[in-house]
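J.: Spelled out, the chains give:
2 protein chains.
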Amino acid sequence: MKQVYIAVLGFGTVGYGVYQVLRQNGDMIAHREGLKISIKRILVKDFVNEPNYDKAPKELFVTGMDEIMADPEINIVVECMGGIEPARTCILQALDAGKSVVTSNKEVISKHWYTFDAAARRTGAGLYIEATVGGGIPLIRALTDGLQASRIDRIMGIINGTTNFILTKMSEEGLAFEDVLREAQANGFAEANPAADVEGYDACYKLSILSSLAFHTHIPVATIYREGITRLTVADFEIAKQLGYEIKLLAIGKKTESDKMLVETRVHPTMLKKTHPLASIRGSFNAVFLHGNTVDDVMLYGRGAGQLPTASAVLGDVIYACHHEGAHPQVTFRNIPDTDSGTVVLKDWDSIYCIRLRVADRPGVLSSIAGVFANHNVSLKTVLQSAESDEDKTKHIAKITFITHMARELSVQAALKDLVNLECTESIDGLIRVEE
Amino acid sequence: MKQVYIAVLGFGTVGYGVYQVLRQNGDMIAHREGLKISIKRILVKDFVNEPNYDKAPKELFVTGMDEIMADPEINIVVECMGGIEPARTCILQALDAGKSVVTSNKEVISKHWYTFDAAARRTGAGLYIEATVGGGIPLIRALTDGLQASRIDRIMGIINGTTNFILTKMSEEGLAFEDVLREAQANGFAEANPAADVEGYDACYKLSILSSLAFHTHIPVATIYREGITRLTVADFEIAKQLGYEIKLLAIGKKTESDKMLVETRVHPTMLKKTHPLASIRGSFNAVFLHGNTVDDVMLYGRGAGQLPTASAVLGDVIYACHHEGAHPQVTFRNIPDTDSGTVVLKDWDSIYCIRLRVADRPGVLSSIAGVFANHNVSLKTVLQSAESDEDKTKHIAKITFITHMARELSVQAALKDLVNLECTESIDGLIRVEE
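Line by line, the protein sequences are chains A and B. Using our numbering, the letters of the first sequence correspond one by one to residues 137 to 572. Using our numbering, the letters of the second sequence correspond one by one to residues 137 to 572.
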């Protein structure tokens, strides 16, 4: 039996989860894997304000990295603090000293991946990130150790549980965003400050990691197009339902190879046909749908967040790190572009669009609007004139929904700008991209 | 760049697929993984009758293992012959000589796993089996390298594409089994001799592998309860639809731990609520649903068979084997029972049952039947008397469907025996187990 000592940085949801999973399954892991994993130190900001301070033996807690760094028995540091600092500094300290790092921190990995990778390669330490995306779903390992013989060209994922919980409620109960958000906050499914989730930042961090791994190139967070779910309305869901779609916050990555590798990465509300496997992912579950040139479609589904699932992923990495001591595979960083001529992250891409407008209800209006789309090479597939409200009737307002054929993003944006300036346009009520 | 030479045994669907995927993605693998993988030998029975003989350079083909065994450059042998012999002998020969084996052969692995494992441990060779279950879905690696910190207590899988293709057609088009089978055979979706698929043998091989890995104990194929899909009728699907279920051929493994580890493993047609993620898996796709004590629900979905997906899994294993040369993790065989007192594979288990009967239509009959169920402690949840056909009306026959509460398998079987002997029973038309 090999004795393994780890330090846990941060004792919030995930850190305390690691402690709990070890208590529940530590004997099983010892029995099966021949590894006795013990937490030797827990790093917290201070003892007084640490809400979980009474949940583990007091002698484990420290407030600084010194004791952890000085302890030669601690070979693996588990970082569950979240955010950039002090996580970044602690991870670098550990890697520089040759201690392997297992982390659940998607923000710091998505932003400082390259610095960590360089440090890990220098000292031979391992760097493991399974818990950063998709909680308990073995997603990262699937990309690095399972699907590596296939050329992944498409990722579509529901990788934020909070927003999927909100969208499921909006879809199934016909509620407004603000009402569902309030309920989710009351039940602990959404943070008091929900921006990271509902504005799509969290999904961007995760998509940066996933698409970098899948496409073997660096996709910086800042290059990902981002649009949250805050502007979705009851009317959006009504139209979606009418047309046979669900609305999901999708993280999308697509790759095409010409002389350069062309990548599009974007996080935005998306209308998905109800028959698509991702359309039926409900509540706080996550799922990632991948397509590879030889493996075809693969989907992985599970608890994308939550204390014990995420902690299970962390401990899975700890076990993996133990089995690879002295020969860590640097699994997360085989990110060599396929083409030497580099990667271009596109600002323009092809998609189908669902656009809702309120316009003056009089002859000739539809023709002007269709003309604007045509001027920008945006071809229309479906036009739906919805029932008008009484208010609209008195004001002679019509509501029109357009579904386009495949069109260019920038052309659609340009068409919308022109539409706003049309005298007959009352308002542009919605634009949702469609995936089939 | 490391040059890796492999031998491919068998050049049918999977073996030729490996050749194709290497041609398509070999440069990418070389670039990303630093491995130049070349096929040096292809073993076939004889040249004349080999249908793919003209699809690779003639000088690669051999008809005996000698040249492969004698070649010190060939470190990895890829077995894609299927069936027991000569696959078993070839695999053992390779392992005994310290050559690593990658195989897609579920039958030989499910039946000779222990012999292979012993040989691999003796010589330090690697034994990799990702392609045996679920084609391109990275399922085996999820169990061995991803979810190992969680205690998996439940598996439910659609792991045979042919039967799922047939059941999807029966469900969606209301067709009879024989008609869909004939169509599937004509289109190449089912074998001329379909027994391995439609009688559930193939699913049993795969469930033996999956449940042995997930529960860390040996589940021999012979201990798995098996029932195929050949007896399903149009009426079964009508009742299922009426009650909100889909019918799937599920491979089920459940584990409970008391003083011994109690395991139930079974392959049979199963009624699943339409909202269950597995219920929406259509056509030849596969999916496996797992539950672990800390990771909760996880589902993996993809192409469960097919030339290129399966070959991708084979090559994923080849890459993994290369990266672990000299320290193969024996990933497939950490199958140590959790309890030292052993494992019992149960012949009895709890389930819900849907039972269809044709009975004499006269007073007192329902009471007699209900009495038989009660005698065997089978409690009824739903009783449905279906519309009778004209023929039934003249003969005074009623059709009744019962859904039970949770009941014991052996009690239900005993009740059915008694029911057959009741004078009022015309026929027992169906018994399908239900999972919720």
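Source of the hints: derived by calculation from the structure; they are not laboratory data. Being a predicted model, the structure only gives us computed values, none of them experimental. Possibly wrong hints are sitting among the right ones.
All copies of an identical chain are treated as equivalent in the list; a pair is satisfied when it fits inside any one copy or across any two copies.
Said to hold, decoys possible - DSS-like, lysine-lysine: derived pairs with alpha carbons at most 25 Å apart: (1) 483 / 390; (2) 172 / 396; (3) 176 / 529.
J.: Give a verdict on every hint.
T.: Right, here's what the structure says about each hint:
1. 483 / 390: Only inside one copy: residue 483 and residue 390 sit 12 Å apart there, 49 Å across copies, limit 25 Å.
2. 172 / 396: between (48 Å within a copy, 23 Å between copies)
3. 176 / 529: For residue 176 and residue 529, neither the intra-copy (71 Å) nor the inter-copy (77 Å) Cα distance is at most 25 Å.
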